[in-house]
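Number of protein chains: 2
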Amino acid sequence: MSDRPKFVEFREEGPREGFQIEKKVYPLADRVALVEALAETGLKYIQVASFVSPKHVPQMADSEQLFAAIRRRPGVHYAGLWLNEKGFERARRTPNVDLSAKLSLYASDAFAWKNNGCSAEEMRERQRRWMDLYAEAGLPIDNALVMAAFGCNYEGEIPPARVVELARWTDALCREYGQRLPRFFLADTMGWANPDSVRRLVGMVREALPEVRIGLHLHDTRGLGAANVLAALEMGVDLFDSSVAGLGGCPFASHGDATAAGNICTEDMVFLCHELGIETGIDLEALIECGRMAERIIGRKLSGHLIHSGSLAAYRRARPAKAAE
Amino acid sequence: MSDRPKFVEFREEGPREGFQIEKKVYPLADRVALVEALAETGLKYIQVASFVSPKHVPQMADSEQLFAAIRRRPGVHYAGLWLNEKGFERARRTPNVDLSAKLSLYASDAFAWKNNGCSAEEMRERQRRWMDLYAEAGLPIDNALVMAAFGCNYEGEIPPARVVELARWTDALCREYGQRLPRFFLADTMGWANPDSVRRLVGMVREALPEVRIGLHLHDTRGLGAANVLAALEMGVDLFDSSVAGLGGCPFASHGDATAAGNICTEDMVFLCHELGIETGIDLEALIECGRMAERIIGRKLSGHLIHSGSLAAYRRARPAKAAE
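Quick mapping for you: the protein sequence lines, in order, are chains A and B. The opening position of the first sequence corresponds to residue 1 in full-length UniProt numbering, with each subsequent residue numbered one higher. The opening position of the second sequence corresponds to residue 1 in full-length UniProt numbering, with each subsequent residue numbered one higher.
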């Protein structure tokens, strides 16, 4: 328990990951309102939308308009996502996009083919091209993320040593370009992680790259999200991707059941941190209201808990604990 | 981690707690089928129904018929619940009810009034009468349970020392009757527990009563269920109440929102144990099918995760991990 961080950073993915996975296209005004409300909670990093093919992902066809419509709050990073050079160019041309340079890797070859149409090896080699593009744009590397780091529905268990090797490779690549890798995200894309595998992999990556900050991108697909976050906190992890109201998820995570849970839920995990005495800089009550807004926009029950139960703050205010007993 | 149990027992509460909280009365045949399916999974303790006022709880008006209709599986304990002598007498007269003597206590006076119409002190004193009744019936005490052990929506934080005092009192009562208290359940009735408070309270009760087995009755009201179970496992707790598909919950747990999550979900927590290498004696795949049956019966999306995502077994069978890497 002594390794627990004092402060944890949550990077909000709901507006992008949540609305991208939906079949329906939601009104621009609703998504703008959600992003603006999230920015008022103390969240410092919000992934707003992706710059991907409007033919394949019509939900994100209006990303330029979405970013343009946002009234910015100072100190908040409004991130976009791109998967190819065309997308990156769109992001560069779009007002209000805070560009951050990200490298993407696959721990599963089978999933790389499924999700990206190339081998994991090919994807890795493509990162050199991204290093060049980011260097040309004057963007230092913000982070690298390895997908399916814990397991893969198409390949089974992922040996942790493979992820460590990818981490070393990425760190070496950054050094070739005169940079250091600041953050390395382990993504449990398809919901395979458990508290033991989280501890093991975080421990191994940290041992290999002690100066790199480790982040976790976890999904709550099989209900272990909160337990995995707890295990990570106790390993000192202080950086998580998450989604308001538990939006999002991976279309390949479950047995084709669209009702499977998505990303770990930001407000529920902020609550976990606060209950453990860990600060987040986030106004939990305001964030719960954002989760309720997300549920109203989506129009069906979402998997977050606090949006339905409320936090404990109101009960504590109303009836403080008796001190002497 | 070294304190982790090798084997964990889950006591299934879904058939009683799940259907009792619903507004609707569900067909007897559906509930019989669910109980019988649960008994085939390896679960050894199933709370089938309660013997309470049919006027106040019409959902449980047919408890006699439900028990009578069950085809029993040897080795399974089919439990009933009663709150007063009349209910106990009904249970005694009903075929297939495996009577087990249980004591009930409140850590919150305000909640005792709300839920039971008497003070916590009065409720405690009533346990003497139950000791007499159980002694007359030749039933040794199976367990005692303390409600609102971690916190209360009507009273706020519950000082752990109060719960320890109740545990000592109950143990002393059992000794008066020449018995030992075998199991003491800490119930997080309204979803206040967090991993730290679980560790603290379990540690304090164990220190006070080292020979009593500690059980946890947890709700997932605020999304910390899996994290709380993990913390408990690492304290050596090997006994949990839970509900298939996450049925159940406390009508007083949330801000009056009926969609708040219920009890911790049996199959999700069995999955957690199995992933951590802890045995449960339960066939997870069969249990997931029970959860899906529960969801079909209830007729809306339930909060369990594995019923929507599936477990990892099929993926592992299809593509075993490469051994050498």
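Any given hint could be a false lead.
Note that identical chains are pooled: a pair holds if it fits in a single copy or bridges any two copies.
Stated by the list, open to error - Restricting the straight-line Cα-Cα distance to at most 25 Å, the calculated cross-link-like pairs of lysine-lysine (DSS-like) are:
(1) Lys6 with Lys86
(2) Lys55 with Lys44
(3) Lys23 with Lys301
(4) Lys24 with Lys6
(5) Lys114 with Lys6
(6) Lys114 with Lys86
(7) Lys23 with Lys44
(8) Lys301 with Lys24
Hints are computed from structural coordinates only; laboratory data are not their basis.
Status of the hints after comparison with the structure:
no., hint, result
1, Lys6 with Lys86, "neither (40 Å within a copy, 54 Å between copies)"
2, Lys55 with Lys44, "neither (31 Å within a copy, 54 Å between copies)"
3, Lys23 with Lys301, "both (16 Å within a copy, 19 Å between copies)"
4, Lys24 with Lys6, "neither (40 Å within a copy, 47 Å between copies)"
5, Lys114 with Lys6, "neither (39 Å within a copy, 38 Å between copies)"
6, Lys114 with Lys86, "within (21 Å within a copy, 62 Å between copies)"
7, Lys23 with Lys44, "neither (28 Å within a copy, 43 Å between copies)"
8, Lys301 with Lys24, "both (16 Å within a copy, 20 Å between copies)"
Hint violations for this structure: numbers 1, 2, 4, 5 and 7, all remaining hints satisfied.
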